[in-house]
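Novice: What follows is the residue order along each chain.
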Amino acid sequence: MAPKTLYDKIWDAHMAHEADDGTCLLYIDRHLVHEVTSPQAFEGLRMTGRTVRAPEKTIAVPDHNVPTTLDRLKGIENEESRIQVDALDTNAREFGLVYYPVDDVRQGIVHIIGPEQGWTLPGMTIVCGDSHTATHGAFGSLAHGIGTSEVEHVLATQTLIQKKSKNMKVEITGKLSLGVTAKDITLAVIGVTGTAGGTGFVIEYCGEAIRNLSMEGRMTVCNMAIEGGARAGMIAPDETTFEYCKGRPNAPTGETWDAALAYWKTLYSDDDAHFDKIITMKGEDIAPVVTWGTSPEDVLPITAHVPAAKDFEGGKVGAAQRSLDYMGLTPGTPLQDITIDTVFIGSCTNGRIEDLRAAAAILKGQKIKEGIRAMIVPGSGLVRAQAEEEGLADIFKDAGFEWRLAGCSMCLAMNPDQLQPGERCAATSNRNFEGRQGRGGRTHLMSPAMAAAAAITGKLTDVREIM
Amino acid sequence: MEKFEKLTAIAAPMALINIDTDMIIPKQFLKTIKRSGLGVSAFHEMRYNLDGTDNPDFVLNKDAYKGVNILVAGDNFGCGSSREHAPWALLDLGIRCVISTSFADIFYNNCFKNGILPVIVAEDELQVLMKDAEKGSNARMVVDLENQSVETSDGEVITFDVDQHSKHCLINGLDDIGLTLEKIASIDAFESQMAHSAPWV
Chain H
1 MAPKTLYDKI WDAHMAHEAD DGTCLLYIDR HLVHEVTSPQ AFEGLRMTGR
51 TVRAPEKTIA VPDHNVPTTL DRLKGIENEE SRIQVDALDT NAREFGLVYY
101 PVDDVRQGIV HIIGPEQGWT LPGMTIVCGD SHTATHGAFG SLAHGIGTSE
151 VEHVLATQTL IQKKSKNMKV EITGKLSLGV TAKDITLAVI GVTGTAGGTG
201 FVIEYCGEAI RNLSMEGRMT VCNMAIEGGA RAGMIAPDET TFEYCKGRPN
251 APTGETWDAA LAYWKTLYSD DDAHFDKIIT MKGEDIAPVV TWGTSPEDVL
301 PITAHVPAAK DFEGGKVGAA QRSLDYMGLT PGTPLQDITI DTVFIGSCTN
351 GRIEDLRAAA AILKGQKIKE GIRAMIVPGS GLVRAQAEEE GLADIFKDAG
401 FEWRLAGCSM CLAMNPDQLQ PGERCAATSN RNFEGRQGRG GRTHLMSPAM
451 AAAAAITGKL TDVREIM
Chain R
1 MEKFEKLTAI AAPMALINID TDMIIPKQFL KTIKRSGLGV SAFHEMRYNL
51 DGTDNPDFVL NKDAYKGVNI LVAGDNFGCG SSREHAPWAL LDLGIRCVIS
101 TSFADIFYNN CFKNGILPVI VAEDELQVLM KDAEKGSNAR MVVDLENQSV
151 ETSDGEVITF DVDQHSKHCL INGLDDIGLT LEKIASIDAF ESQMAHSAPW
201 V
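Each protein sequence line maps, in turn, to chains H and R.
Start counting the first sequence at 1; every next residue gets the next number (the working numbering).
Start counting the second sequence at 1; every next residue gets the next number (the working numbering).
The set of hints was computed from the structure by calculation and includes no laboratory data.
Incorrect hints may have been included.
[Stated by the list, open to error] Below, simulated DSS-like cross-link-like pairs (lysine-lysine); rule was C-alpha separation at most 30 Å, straight line:
1) R:Lys-135 / H:Lys-57
2) H:Lys-9 / R:Lys-167
3) R:Lys-62 / R:Lys-135
4) H:Lys-57 / R:Lys-6
5) R:Lys-66 / H:Lys-164
6) R:Lys-183 / H:Lys-4
7) H:Lys-175 / H:Lys-9
None of these values were measured; they are calculated from a predicted model.
Let the hints inform the model, and build the full structure from the sequences given.
Specialist: The structure is reproduced here in structure tokens:
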């Protein structure tokens with residue numbers, strides 16, 4: 001048999017139908033649903049008299065619009081946000097979906113609770129009307145974002161019309177240095193490939209530095225595959241993966257677990273499998289990084305200086321100048337001289353327990369710089385509960401952070417957590433686009449440890465200097 | 001879905017690269033539970049000043065580009081979020097065709113589901129089309145899906161590739177779900193086989 005990549009294997013195992021013209025129907029094992037990209041899809045079902053084919057494989061949770069303040073159960077003030085969350089509530093109950101409403105302790109960001117509840121398992125196909133669905137690829141599943149029309153298609157047919165992507169391998173060799181995390185890996189890779197470098201590809205991340213990551217770290221890496229333009233990112237499952245899955249509420253048990261495990265152990269790229277593009281980086285060469293501009297590819301080591309537009313070529317010259325103007329930065333300024341107003345730790349990229357532990361390790365016994373607004377938004381109610389149990393919440397509160405309830409929050413600012421024009425934020429989220437965190441807001445992406453360090457000094461800071 | 005066969009229209013130049021879906025339709029407009037009415041909010045932050053007045057520098061606010069149906073844009077158009085609100089907003093604004101050197105994957109798919117044709121051309125071809133678009137209302141571009149070609153106002157013809165299934169659906173205005181449901185027997189069979197071989201799914 002011809003050697004296959006991990007992506008090839010999962011693709012082949014989910015081919016429900018292939019037409020003569022090569023158009024494929026890919027069977028979908030898990031469909032995750034949130035309130036922003038689904039109402040029009042459910043409306044479409046109603047208008048055509050169709051129903052949800054596999055409600056038991058369809059998992060719904062409100063996350064984008066929900067307030068993260070402690071008083072949120074009194075209701076959502078913004079009328080449109082409230083209507084959207086209410087619509088999900090109605091749709092989930094009417095169509096009989098698996099549902100985690102806002103008052104359920106298991107509620108959280110869809111990409112955090114999928115793995116947490118054991119819905120995400122190796123070898124699966126997983127989609128959601130959300131580009132950060134790539135997160136679930138950390139389990140060796142094929143997971144990617146889809147549009148609302150496709151959400152409706154999956155609801156009605158449990159399949160997706162697909163063309164196969166090309167295979168890309170991103171190998172991170174060796175070990176990471178002190179202060180370097182999964183977030184630095186994924187940003188550094190995008191810094192090399194650019195935001196369109198992965199277009200048309202599914203990326204498999206591999207190499208010693210990836211193998212040594214926890215599941216939380218692997219999810220951070222795969223989460224941002226989309227920022228590199230890739231359809232999906234994935235990591236072959238191993239003992240770390242199986243250990244994480246075992247005992248989760250919706251993971252198999254007993255003989256079914258054994259059968260699943262035997263299958264999961266076949267999920268790796270064969271030695272001589274073909275990759276259309278290969279990128280190799282040394283773990284030792286990756287430094288703690290931050291973004292300076294308004295594209296996730298605008299990545300530099302924290303020890304670098306703000307670049308000038310003339311440092312770039314082609315269309316990037318104009319884009320870089322626009323970024324510098326928007327970000328209010330002068331070329332040549334050391335990145336560590338950039339002062340910030342706000343710190344946001346959370347999101348589907350960095351809202352898991354390990355991220356909170358990393359931030360707490362830096363913040364223990366420290367105070368945030370006077371005048372800084374700092375918030376920690378755990379990715380789920382269960383992450384929040386665990387952080388409280390481990391004493392992390394007290395560290396955050398003592399340092400001066402707001403300790404919030406779970407949701408997407410300031411990552412995309414659909415709820416009340418927003419930046420004001422000109423406000424500058426050290427953020428652990430995934431996008432630094434113009435206006436992403438609020439019109440005129442300026443976002444610098446970084447790891448939780450780096451964001452915690454920035455909260456203490458009030459500037460972009462090399463976390464290695466205070467470790 | 002409205003059919004797309006041949007479009008003769010004014011094109012607007014947007015040379016910026018990496019025009020992301022947050023730029024096309026910012027998050028505050030994603031709270032709608034409808035598909036319609038987003039056109040007025042398209043490109044909101046570039047298009048309007050903070051006080052809500054039109055930004056005269058934005059291309060679509062210029063007289064020469066009123067009623068435009070085609071965008072010619074820089075590389076990696078539609079990157080970022082999966083929000084289908086982006087093509088909904090463009091469609092509501094009257095845009096039926098976007099031409100660039102590359103598109104983000106999800107946005108590209110979303111266009112076809114909404115009667116918008118995304119056209120991928122080479123860098124030098126984009127420059128030709130960008131120049132033609134700069135002529136404003138003095139020029140008309142012709143986008144012909146059947147023949148997979150774009151013709152400038154000077155008569156220069158540039159051809160493009162497109163997936164044949166997507167082309168067929170777009171030309172005929174077909175509903176994907178209806179087509180897939182014709183293959184329901186294959187899906188049923190696949191599902192029963194999976195229930196046996198992978199019961200944990």
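Novice: Where does the structure disagree with the numbered hints, that is, which hint numbers, in rising order?
Specialist: 1, 4 and 5
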